[in-house]
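Listed in order, the protein sequences are those of chains U and L. Quick note, in my numbering, the first sequence goes up one by one and the last residue is 483. Quick note, in my numbering, the second sequence goes up one by one and the last residue is 483.
To be clear, the hints were calculated from the coordinates, so they are not data collected in a lab. Hints are all accurate, no fakes.
The list cannot tell twin chains apart, which means a pair is met if one copy fits it or any two copies do.
List of simulated lysine-lysine pairs, DSS-like, C-alpha gap at most 30 angstroms:
1) Lys-256 - Lys-416
2) Lys-244 - Lys-306
3) Lys-306 - Lys-416
Protein chains: 2
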Amino acid sequence: MHILVSNDDGINSEGIWALVNELKKVADVTVVAPEKQMSAVGHAITVQYPLRVNPFYKNGEFFGYAVDGTPADAVKLAVKAILKDKKIDLLISGINHGTNTSINIIYSGTVSAATEGTILGIPSIAISLATYAPNPDFTFSAKFAVKLAEFVFKNGLPRGTLLNVNVPPVPENEIKGVRVTRQGNAFWDDWFELRKDPNGRDYYWLTGKFVNYDQEDLDADHTAVQNNFISITPIHFDLTNYKMIEVLKNSGLENLLQGLDKD
Amino acid sequence: MHILVSNDDGINSEGIWALVNELKKVADVTVVAPEKQMSAVGHAITVQYPLRVNPFYKNGEFFGYAVDGTPADAVKLAVKAILKDKKIDLLISGINHGTNTSINIIYSGTVSAATEGTILGIPSIAISLATYAPNPDFTFSAKFAVKLAEFVFKNGLPRGTLLNVNVPPVPENEIKGVRVTRQGNAFWDDWFELRKDPNGRDYYWLTGKFVNYDQEDLDADHTAVQNNFISITPIHFDLTNYKMIEVLKNSGLENLLQGLDKD
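Given these sequences and hints, build the entire structure.
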């Protein structure tokens, strides 16, 4: 089994290190990841500028390839250039330091790397440890990633669908189980702090609090994790709201040109 | 009717200028847009750095607010800070110079601005002129945007759904009509050119060609536009693949912890 690993916390982060060391016990692993922290970059790709690739060493040993771009860039470059003629059985993005549930999926670089893998036809997994505490222990998440990798390698994933995994930050014996979930209805109630820089000029800084509207619904990703379940959500990149197609067709929208003044 | 306008081509682009001038005939308009070109940024937001806002003048008159961030940043900042106490009836992102159909939706900053508006509860539209030719004529697209704005203002949109509009780059009398479509199955067959910089160091540059797998299906966004229809796709930010939830539940995935060595 040959696994491509990427992330959005950067190639020098603890989460990717823990993941790779555990995966190497059962698979060949190639790491291609952003050289710097790239959180909240969404599905950005670099088209206006070139990309550089540098070998990255850790504790004196070659660890992987550092790309001066986004997570999606790293995955594209891995598949289309660095590993061009090599079979890739699986892509795993992570282990992210921080929660990637509900609306965070939209902003997540971790998920974006797995989305790019999915677009390129590789079964892909995004995995996050759901805590913002400093220096969390990635050991259990990494062990779970190995089990999940073996499961997906054996069972496959339907083309176009990836697994978004969030692991609760509790001791292993407190984890209640695994739940297949939907993207939850939780959102940022955010605002901007208006401040003055040392030269007296205004600047804004985003902050906010996270509000979970799903309450006790354990079928929602965020709630499942809060209740100490490992959450696994199948997500895809078809954003069409199919239910709305018929509604819009019946709304008169397709006749809109008739009202346009053709002069 | 008060309309917030943003884009990803930057506040000084021709597409936003054409859109705003046409919208001002029927509505109050506030422009809050990135100060620079921000194509292919996906749904990136800026959390690690502060944001600046500067008034932007065009032909000696105040045109709008320039934000040194992404399209999603601009919309968040508009709603949560600049227009904090003002009602916003509608958000329009565009007019983008370039096609935003099928897989491009994932990478699009234009769509991202409308997605952020939708997340914040504002009925939102992304509009693109489907050509990469230099200096295209945005006149018809802008007139159509006004008609569509009036339609959405009157009929509303369901919470969580936005309209992604692509206008074919042909003379008005060659446009065949409006079609409500789905996100198409068209993808980039992309590769990287490996080059040497003036100092002899390697760099990679992304390029590729666009391949449409939908053939003649006029219900697909890209094909509709290629056949001179205005394409309108209802898209949402719930990425869950609901069909897969039951499949995964029956696959044994929820029993995966039982196989994990608890030491």
